[in-house]
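Asker: Sequence:
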Amino acid sequence: MNKKRRRLGLWIGISAVVAVVALIVILNIVSKGNKSPEVQTQKVSFSRIVSTVSATGELNAKNQVDISAEIVARVQKLYVKEGDAVKRGQLLCQLNDANARSSLDLSEAQYKKALSEFERGRKLYADSLISTAQFENLKTAYSVALAQVNQSRDSYSKTRIYAPISGIVVRLNVKEGEAVMMGTMNNAGTVMMTIADLSAMQATVNVDESDVASIKLGDDASITLDAFPDTTFKAKVFSIGYMPTATTTVTTTTGVTDFETVLDILDVDPLQRPGMSVSADIVAAVRDSALVCPLQAIGRRDIEGRSVETVFIVKNGKAKLVEIKTGISDGRSAEVLDGLEAGQAVIVGPYKVLRTLNDGDEVKTKKEEPQWQKDQRGPRPQQGQESGQRSVRIRVGR
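Numbering (numbering that gives the first Met the number 0), first residue to last: 0 to 397.
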């Protein structure tokens, strides 16, 4: 009997413990469910906003010439080295002219003979001493000899190579004694050297098809060189390609359609060298006084069958969904054309709250602490700065 009582008491005790634990869990869940999420807000205000188009490409001289051999020969003498400044018309290289000289001597001898026979035949033909057919043969032989001597003279002149422009020898690809080849339909030939006028530089960049319609000739731009990322140079859009240049990404076989865009560099610097990789930001639009809203506050939702841009504001402790219309963006903020007024606070985070937030949900606005007070990191605000003030960098274009 006592054994049964002890067993009954044990089960009653276990049941009581389970009931207490369950009650605690339920109360905790209910408490959490009723707790309003904390949200961060930021006021929209008027500010300058600059929309830019980013592109990458290569730096090159505005006037750059590859010099190739036009005959097959060996380099006999080089009169320049890489890095030399040259003037237009300056002798750069002498190719071996032995074969060209022999060919010219032979052609000139044949020409003199053909000319003599043609002059003699013309007199005989005038006196009706030779037939018309004989005279035409002499005339044809003379014409062929004249063409051959002109061709030989041209080939001989090509053994001496002169600078077509003034500039710097930025690349020298041959040495004395090396054979060079002329270009053909299937062979580009030997590029002996490259001369570039470094007083005028350009950046050739690839602009995505989704952005090319937003830029125009004369737009301001800025470029940075990968070799000197902390230095920025001013530029302007010089030309925009009409035909796309299709490239293929490394990871996929999907063609990415780009349009070649050329930027004139306004402040040429000795740091700039042809072939350097560049990153460019082209100013597509500027608003000097626009109502600006942080991008992280803007989402897109379906309202009455329409996909519209929206933000949440806080009204009477609840999140209120507001439809807005935006204009240009600088990648951090967007211009608000309709739906908000200056001074209204929009919910900017946290993202996990924004993701599930609905119109009418109760929220609690989180009071932002100054950055220097958070975990005692960062410098204290300078005199004159308001506690909690955010520093926002806006790209200046025009």
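Rather than coming from a laboratory, the hints here were simulated on the basis of the structure.
Watch out, some of these pointers could steer you wrong.
Dumping the calculated DSBU-like pairs for lysine-lysine here, alpha-carbon to alpha-carbon at most 35 Å [what the hints assert, rightly or not]: (1) K157 / K111; (2) K42 / K76; (3) K42 / K233; (4) K112 / K138; (5) K42 / K112; (6) K80 / K363; (7) K80 / K112; (8) K42 / K80; (9) K324 / K215; (10) K235 / K324; (11) K112 / K122; (12) K365 / K42; (13) K42 / K86; (14) K157 / K61; (15) K157 / K138; (16) K363 / K319; (17) K174 / K80.
Asker: Take the hints in turn and mark each one as holding or not.
Answerer: Outcome of the hint check:
1. K157 / K111: 23 Å, holds
2. K42 / K76: 73 Å, violated
3. K42 / K233: 33 Å, holds
4. K112 / K138: 12 Å, holds
5. K42 / K112: It is violated: about 96 Å lies between the C-alpha atoms, which goes past 35 Å.
6. K80 / K363: At roughly 73 Å apart (the allowed maximum being 35 Å), K363 and K80 break the hint.
7. K80 / K112: 44 Å, violated
8. K42 / K80: 63 Å, violated
9. K324 / K215: Holds, at roughly 25 Å.
10. K235 / K324: 31 Å, holds
11. K112 / K122: Given pair K112, K122 holds - Cα atoms ~16 Å apart, limit 35 Å.
12. K365 / K42: 14 Å, holds
13. K42 / K86: The hint is violated at about 62 Å.
14. K157 / K61: 26 Å, holds
15. K157 / K138: Satisfied, since the Cα-Cα distance of roughly 29 Å is no more than 35 Å.
16. K363 / K319: 13 Å, holds
17. K174 / K80: It holds: about 10 Å lies between the C-alpha atoms, which stays within 35 Å.
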